[in-house]
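Asks: For this one, chain F is given, so just place chain V on it according to the hints.
For the protein sequence lines, the chains are F and V, in the order given.
First residue of the first sequence: 369, per the numbering used here; consecutive thereafter.
First residue of the second sequence: 20, per the numbering used here; consecutive thereafter.
Do not rely on the hints blindly, as some may be mistaken.
Claimed, not checked - Listed next, the in silico SDA-like pairs over lysine to any residue satisfying Cα-Cα at most 20 Å (straight line): (1) V:K146 <-> F:D428; (2) F:K481 <-> V:G28; (3) F:K481 <-> F:K583.
Unchecked claim - What follows is a list of derived Cβ distance ranges for each label pair: (4) F:Q586 <-> V:V33: 14 to 24 Å; (5) F:L393 <-> V:A190: 18 to 28 Å; (6) F:Q586 <-> V:P208: 35 to 45 Å; (7) F:P625 <-> V:L25: 44 to 54 Å; (8) V:T27 <-> F:W584: 16 to 26 Å; (9) F:L644 <-> V:I187: 52 to 62 Å; (10) V:D239 <-> F:S643: 14 to 24 Å; (11) F:L455 <-> V:M150: 53 to 63 Å; (12) V:V33 <-> F:L406: 47 to 57 Å; (13) V:V33 <-> F:L417: 43 to 53 Å; (14) V:R26 <-> F:L406: 58 to 68 Å.
These aren't lab readings, by the way, just hints derived from the structure by calculation.
These numbers were taken from a predicted model, which means no experiment stands behind them.
Built from N, CA and C at the ideal position, the CB exists for glycine as well.
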Amino acid sequence: MTATLTAPAAAPPSPAGPRRKRRTLSPTLLAFVLVPLLVETLWVFWPALQGVYLSFTSWDGVSAATLVGFGNYAELFSDPTFGKAFLDTVLWLVLFGGLSAVGGLAMAMLLLKDRRGVGFYRAALFTPVVFSLVATALIWQAIYQPNGLVNTVLGAIGLDSWQHSWLSDANTALYAVIVPALWRQIGYIMVLYLAGLKGIDPTLYEAATVDGASKWQQFTKITLPQLSSVNSVVLSVIIIDSLRSFDVVWALTRGGPYHSSELLSTYMYSTAFQSLRLGYASALAVVIFVLAFGVILTYLVRAFRDADA
Amino acid sequence: MSRRPLRTGGYHLVAGGISLLWLLPIILVVVTSIRSFDDVAANGVGSLPHSFTLDNFGQAWVDGGEFQAMVNSLIVTIPAVIITLALGAISAFALSRYDLPFRRTVLLVMLAGNLLPPQILLVPVSKMAEMLGIYDTLGALIGVQIGFGLGFYTFVLYGFMRAIPNEIQQAAVIDGATPLQLFWRIILPLTRPALASLAALAFTWVFNDLLWSITVIRTDSKFPITSALLGLQGQYVSQWNVIAAGSVIAAIPTVAVFLRFQRHFVAGLALGAVK
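Looking at chain F on its own, in the form it has when it is part of the complex:
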């Protein structure tokens, strides 16, 4: 539905050639570009560079920062909490990312056709996207309480032995936190896939049906290949969101108990603002950045193609 928004199929021909107009830069136009660029430089690019610099220092935020070279990075290797946070982030990426992609696509296919009630169903799946992750987290915290909904339901169906204090058990905390994150993300991914599915030419399916292709064949041979560009966006969104994920974990467990639900982002935050080890936290942030960097580059290459089109 928004195909033309980001990638204008027929870009206006730029006035090239020897008698090119508007060669001189008007001050207005220059300001139009420079002011936003300066704002972003002040709040994003300059701090980002400082962040990289700080990762080579030891700093408590009060006294002067001292350069320690790669000391912080060396420490990361032998820091068991970092290892735990790293593995949890990978697990988060696989579970949160994988399930939201599969769930989002499944829901989009289920709710693709316009029929009675479909608007309501879509809105229902979509509603959590509007809530803040903090509100979401508090809702789920109530659900996970010892006398909350999950345990009530388990008790009602005779599974009393499964009852649990979900968030305070190190074995279940991370999984308990993933569920609300998924509850929210699936609706978002569904919207992306709905947009993609609507863009597929229906005659492809008609032709396939005439040729006797089964539903499964149509899915693997038409739907998935046609969705390849949406898939790459979904993949980017998932990876970037996974590395950024913070709110829901922070509100539910703050990474605990005993770092059992620690992600790189929560570990970075508590190292910086609770332990006040700003240099070490910056090194953690650089690791998160480096992990995201590949995705950012891929995303930009795609954007470059689109902008070129």
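Replies: Relative to chain F, chain V alone:
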């Protein structure tokens, strides 16, 4: 012919069941928010309600400080959304409608800034806000929200503005329009759908943000609604009726925006998804 109603019924059973499951947490929080503390304490958060009261909302709103927090959130969100969109619109206009040098590079650098993980900015931004003397003020929060969102809005608006036919621009230029007039009278009005989508999205993003607000704000009375909710959770430990009421209040503005701009909102989320 006789199989159709059966299949339709099955469809509604599956889709309706999933929808109900999806709405269940929301129903639960609304129900909890109108139950009394004694009821929740005696019967558990997961039980059916045995009481009805609206006191919880008053408690969260007044004693829990949500009124102040809501004001703070709106003070941050409204200017941040307007300024980000304004800055995004002018840069997108200049980059998309004129042959500026390095325009593609500028565009992509701006987008890259938005894709950065915010964690790498947290420490420097909080220190920079201290240096500028705006640490622990809503101004710092507005600033960082603008800076961090700008790249994405510019990118989306760029795509939108590029799709506007060149003839329109040429006609206006022949009539003697300056770039400013062209922007204000022609391009901006044509970009309204995209602006509406982005505004609805940006409102929820900024309003719902937690990470930046707990990074640059320290004083409780300056907390926006998300961090105030976390405070409520500490203040009213296991008083789920009050916490639920607080969550409901915090969700009202974004739900209102969503309901009012539903079409734009959904279109906005899909922006950039479809090549």
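Asks: Now tell me, hint by hint, if it's right for this structure.
Replies: Hints, verified against the model:
1. Of the pairs offered as hints, the one joining K146 (chain V) and D428 (chain F) holds, with about 12 Å between alpha carbons and a cut-off of 20 Å not exceeded.
2. The straight-line distance between the Cα atoms of K481 (chain F) and G28 (chain V) is roughly 15 Å, inside the 20 Å bound, and the hint therefore holds.
3. For the proposed pair K481 (chain F) and K583 (chain F), the alpha carbon gap of about 15 Å is at most 20 Å, so the pair holds.
4. With their beta carbons about 20 Å apart, Q586 (chain F) and V33 (chain V) fall inside the hinted range of 14 to 24 Å.
5. Checked against the given bound of 18 to 28 Å, the beta carbons of L393 (chain F) and A190 (chain V), roughly 22 Å apart, stay inside it.
6. The hint said 35 to 45 Å for the Cβ distance between Q586 (chain F) and P208 (chain V), and at roughly 43 Å that hint holds.
7. The supplied range of 44 to 54 Å is met by P625 (chain F) and L25 (chain V), whose beta-carbon atoms lie about 49 Å from each other.
8. T27 (chain V) and W584 (chain F) have their C-beta atoms about 22 Å apart, which keeps the hinted 16 to 26 Å range intact.
9. Remark: the range hint 52 to 62 Å for L644 (chain F) to I187 (chain V) is upheld by a beta-carbon distance near 56 Å.
10. Roughly 22 Å separates the CB atoms of D239 (chain V) and S643 (chain F), a value that falls within the hinted 14 to 24 Å.
11. Between L455 (chain F) and M150 (chain V), the C-beta spacing of about 37 Å breaks the proposed range 53 to 63 Å.
12. Evaluation of the 47 to 57 Å hint for V33 (chain V) and L406 (chain F) yields a pass: the beta carbon distance comes to about 53 Å.
13. Here the CB-CB span from V33 (chain V) to L417 (chain F) is close to 52 Å, well matched to the stated 43 to 53 Å.
14. In this structure the hint that R26 (chain V) and L406 (chain F) lie 58 to 68 Å apart at CB holds, the actual value being about 59 Å.
The structure fails to meet hint 11 from the earlier list, while all remaining hints are met.
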